[in-house]
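S.K.: Taking the hints into account, I'd like the entire structure generated from these sequences.
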Amino acid sequence: MKSKVTISRYNGISIALHWILAIALVAIFVVGLYMADLPFSPQRLKLYNWHKWAGISILFLSIVRLAWRLTHRPPVLPQSIELGMPRWQLQAYHATHLLLYVLFFVVPLVGWAYSSAAGFPVVVFGVLPLPDFVEANKALAELIKPWHQISAFALAGLVVLHVAAALKHHWIDRDGLLQRMLPGRS
Amino acid sequence: MQSFIPVARATGVMLLVLASAVSAHADQKLVPAQSEITFVSKQMGVPVEGRFKKFDAQIAFDPAKPEAGKIAFTVDIASATLGSPEPDAELPKATWFNTAKFPQATFQSGAIKGLGGGKFEVAGKLAIKGNVREVVVPVALTQSGASTVANGVFTIKRLAFKIGENDWADTSMVADDVQVKFKLALTGVGKF
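These protein sequence lines map, in sequence, to chains Y and A. Reminder that position 165 of the first sequence reads as 1082 in the working numbering, one-by-one numbering, no gaps. Reminder that position 88 of the second sequence reads as 68 in the working numbering, one-by-one numbering, no gaps.
I should point out that these hints are in silico values taken from the structure, not numbers from a laboratory. As the structure is a prediction and not an experimental result, all values here were calculated from the model. Positions of the beta carbon are idealized from the N, C-alpha and C atoms, including for glycine. It is possible that part of the hints are untrue.
Unchecked claim - Which residues of chain A face chain Y? A partial, calculated answer using Cβ under 8 Å: (1) Gln23; (2) Gly25; (3) Val26; (4) Gly63; (5) Asp150.
M.R.: The following block contains the structure:
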């Protein structure tokens, strides 16, 4: 059954932030995977710096996004959908969103900390030097290093779960839930 | 032959006395363990500091007569480090320092000008990687007891010395300006 119940959508700013960050996160993840195995070269240096600039931009946009989210309640789930979901799915839905938000901050902050500890302060777009919030210390850098990767893979895993759930609602349940986040007319 | 030995011995002793007398008056000594030479390059705006672990100098310098001074510096280029193994493996290569062909960088002073207050301007020839350039190095001396510390900062253009060739010549990746800082501990420098 193709449900035609009216579904309240996210507002325009939320939708814009969602899709801008969705594209940015996928892109920075792919670049991160690719650059890590490059040999010492200008290309590697360039990608590392772009990755850092993008990471700081994502961190900044995530702050805006969180502030917007906290001041603008997202639309409630349509009752028909909420009642149709088993309890564990509802819990997973809330947990996934919460963890996604946590990782939007953890991944870039740990990356920034690693860069500082490794002795390469982050200079956004090559002009704006950021403070080191951890000291330059090789041993500390080695300790932090794996956690940027681990948290990034955790975020990637949650994104896959999030996309899978959205597509399940769209193609299997056909409940129109995806419309809440799709750009376009309301 | 037997009669020659005491003569040779006496001559040797005389030479030793003469040599030590000359060195006590003319030579100032660098204390490498308490000295450092660092350099800061900018990679896409990010300052990256490196240093040379091995260097030495021959110094004949009297602050009262700076214009008569002579300073010769040698830096063991292969001792350069950026503090992490990856770039350190690259620095000796031909693209960067080519240490196999040019193991040492040298500085030979020309005119030395006293500016007063323990400040000096040392002009000279800096040779790195087979390229020689004129540089003017500002030096500030501070003294406490018998030891003297010389501090200074000057900027060189890395491309003038062909440090970073081919792909790495791109100054949008690594800036042309490289700041060189030194802190040299010296003994035997006269009071000023």
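S.K.: Taking each numbered hint in turn, which are not upheld by the structure, reported in ascending numerical order?
M.R.: none
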